[in-house]
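A.B. asks: Please model the entire structure based on the sequences and the hints provided.
With our numbering as the guide, the letters of the first sequence map in order to residues 116 to 573.
In case anyone wonders, no lab produced these hints; they're calculated from the structure.
Don't take each hint at face value.
Here are the computed lysine-lysine pairs in the DSS-like style, where the Cα-Cα straight-line distance is at most 27 Å [claimed, not checked]:
#1 LYS481 with LYS557
#2 LYS557 with LYS514
#3 LYS317 with LYS292
#4 LYS293 with LYS271
#5 LYS540 with LYS557
#6 LYS198 with LYS271
#7 LYS249 with LYS293
#8 LYS484 with LYS514
#9 LYS514 with LYS542
Label pairs and their calculated CB-CB ranges [unchecked claim]:
#10 LEU389 with GLU490: 49 to 57 Å
#11 GLU254 with THR199: 29 to 37 Å
#12 GLU426 with SER202: 38 to 46 Å
Small disclaimer: the values here were computed from a predicted structure and weren't measured.
Glycine included, C-beta positions come from ideal geometry on N, C-alpha and C.
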Amino acid sequence: MTIHLYNTLLREKQVFQPIDPLNVRIYVCGPTVYDYAHIGNARPVVAFDVLYRLLRHVYGPDHVTYARNITDIDDKIMAAAEKTGESIESITTRTAGWYHDDMAALGALPPDREPRATAYVPQMIRLIEQLIAKGFAYEAERHVLFNVPAMQDYGKLSRRSLDDMIAGARVDVAPYKKHPADFTLWKPSADNQIGWDSPWGKGRPGWHIECSAMSGDILGEVFDIHAGGIDLIFPHHENEIAQSRCAHGTPVMANYWLHNGFVQVNGQKMSKSLGNFFTVHELLEEGFRGEAIRLALLSAHYRQPIDITREGIIEAKAQLDRFYGALAKVADMAVDPAPTDHVLAAIADDLNTPLALSELHELVTKLNKATNETEKKVAKTELLGGAQLLGLLWQDPAKWLQSGGSGIETAEIEALIAARLAAKKTKNFAEADRIRNDLAAKGILLEDNSMGTTWRRA
RNA sequence: GGCCCGGUGGCAGAGUGGCCAUGCAGAGGACUGCAAAUCCUCGUACGUCGGUUCGAUUCCGGCCCGGGCCUCCA
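C.D. replies: The following block contains the structure:
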């Protein structure tokens with residue numbers, strides 16, 4: 116199976132060739148943990164979870180290393196701690212827990228490694244020392260700055276020239292910078308602020324250095340795939356590249372750079388600063404299912420912008436009802452899931468999840484139409500195989516259809532169904548319909564079929 | 001200002017130089033005591049103006065519209 120990936124570095128789709136097929140290495144920029152993750156934060160997690168699943172399928176689960184960091188030191192975290200009086204560690208531990216819960220609800224596999232920035236400060240300091248020694252960084256007023264003009268081909272990923280950056284500079288340039296584009300590797304901390312001892316005094320790392328330190332330590336100086344949101348191309352990834360390449364003297368940091376498009380609200384980027392976001396947590400609290408949110412996220416190609424709306428999640432839920440409805444009828448049939456070539460090819464073509472989903476829809480039709488055990492078995496095998504690659508349909512069908520909601524107990528529902536069947540037997544259809552309507556009013560839908568009556572929650 | 005993306009049927013959303021996406025919603029039919037679910041059928045979609053071509057939604061150029069990055073941001 117040939118995997119094609121759109122590489123931001125070249126702005127074109129390329130055949131994916133791992134450095135070492137026995138250890139395919141991927142790094143995704145993870146969250147800064149100071150608040151709940153919003154849907155926009157969840158998109159790269161879900162999108163690149165599909166990539167992770169694909170790589171595991173193609174190269175074997177033991178031959179892929181997926182690292183996703185947790186940024187647990189940052190000015191926003193410090194600000195939150197200052198505001199509430201809660202300790203930084205308490206904030207980050209709690210918030211990271213929320214993050215894990217929410218991402219699990221979205222069906223995202225945990226990464227193989229989840230490094231935390233605070234555990235890598237010595238590696239960051241070492242990296243900074245290397246950069247200074249090689250003339251790519253300098254100390255100024257207790258800061259250490261990366262000397263951008265020292266790097267020949269800075270700006271390759273974002274396609275920006277130094278001149279552009281000076282012309283477009285919208286921020287006041289700190290006086291100690293030699294060049295306006297120079298960025299911070301290390302900055303001083305006040306006595307009352309969190310900090311680490313370093314050759315440059317008590318301080319803390321700049322934003323970009325942690326990813327260079329962690330990816331280098333865990334995945335090596337050059338690894339296969341680096342991914343994240345499209346807004347990270349500049350400056351974050353550009354600066355990571357500068358740091359890692361200049362420190363290690365390598366021609367590239369990662370071979371393939373993947374970037375997901377934004378989640379939008381009414382056509383505009385969802386972001387904390389705009390305030391137009393909703394969190395995964397609140398959607399789950401409202402009763403939306405994590406899997407429906409995941410399907411909504413996968414229904415557009417990962418590089419395209421996507422509007423996530425409650426209506427969209429409701430539609431995704433309706434689609435899942437159809438899938439699970441078909442699976443419920445063959446729940447007892449044991450299969451060994453295997454994707455069809457079509458589904459696999461779609462996902463291997465730069466993660467074309469909408470196309471893969473359309474194949475899944477055709478497979479569920481095939482399953483519904485199957486007239487004998489063999490056909491059913493094949494259809495179920497293929498449907499679940501494809502769904503597995505997308506991280507969907509992992510739940511027990513009956514549980515999906517019947518759980519959630521509130522109020523009425525299962526035993527009561529079943530008693531009413533029995534009463535209705537009795538009424539039907541005596542052709543007392545008025546009573547049968549009354550029971551059905553009463554249940555419907557409580558969100559319980561009945562479906563009669565040759566086997567009897569089944570029920571599900573609306 | 002510099003650099004990037006997009007504009008597909010009521011909605012969501014793939015894709016392709018000539019023929020079908022797919023789903024949701026809607027209409028009709030089969031099935032059903034009636035429903036629901038399921039299956040079948042249906043709706044003359046490709047921002048705009050030019051160019052290339054036997055033929056363009058698909059390639060090229062202009063224009064219009066929307067979005068993004070250049071500052072923390074997935």
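A.B. asks: Next, verify each hint and record whether it holds.
C.D. replies: We went through each hint and held it up to the structure:
1. Of the supplied pair hints, the one linking LYS481 and LYS557 is violated, its CA atoms being roughly 32 Å apart against a limit of 27 Å.
2. Only pairs whose Cα atoms come within 27 Å are accepted, and LYS557 paired with LYS514 is accepted, the gap being roughly 18 Å.
3. Proximity of LYS317 to LYS292 is assessed by CA-CA distance (about 20 Å); at most 27 Å being required, the pair is judged to hold.
4. Only pairs whose Cα atoms come within 27 Å are accepted, and LYS293 paired with LYS271 is accepted, the gap being roughly 21 Å.
5. Taken as a hint, the LYS540 and LYS557 pair is honoured in the structure, with Cα atoms around 24 Å apart against an allowance of 27 Å.
6. Taking the CA atoms of LYS198 and LYS271, the gap is about 39 Å. The hint is violated against a cut of 27 Å.
7. A hinted pair counts as satisfied when its Cα atoms are at most 27 Å apart, and LYS249 with LYS293 qualifies at roughly 17 Å.
8. In summary, the hint linking LYS484 to LYS514 is supported, as the alpha carbons are separated by about 23 Å, within the 27 Å threshold.
9. Between LYS514 and LYS542 the alpha-carbon distance is near 32 Å, which puts this suggested pair outside the 27 Å criterion.
10. The beta-carbon spacing between LEU389 and GLU490, approximately 51 Å, falls within the hinted interval of 49 to 57 Å.
11. For GLU254 paired with THR199, a C-beta distance near 34 Å keeps the hint of 29 to 37 Å intact.
12. The given range of 38 to 46 Å is respected by GLU426 and SER202, whose C-beta atoms sit roughly 41 Å from each other.
Going down the numbered hints, you'll see the structure goes against 1, 6, 9, while the others check out.
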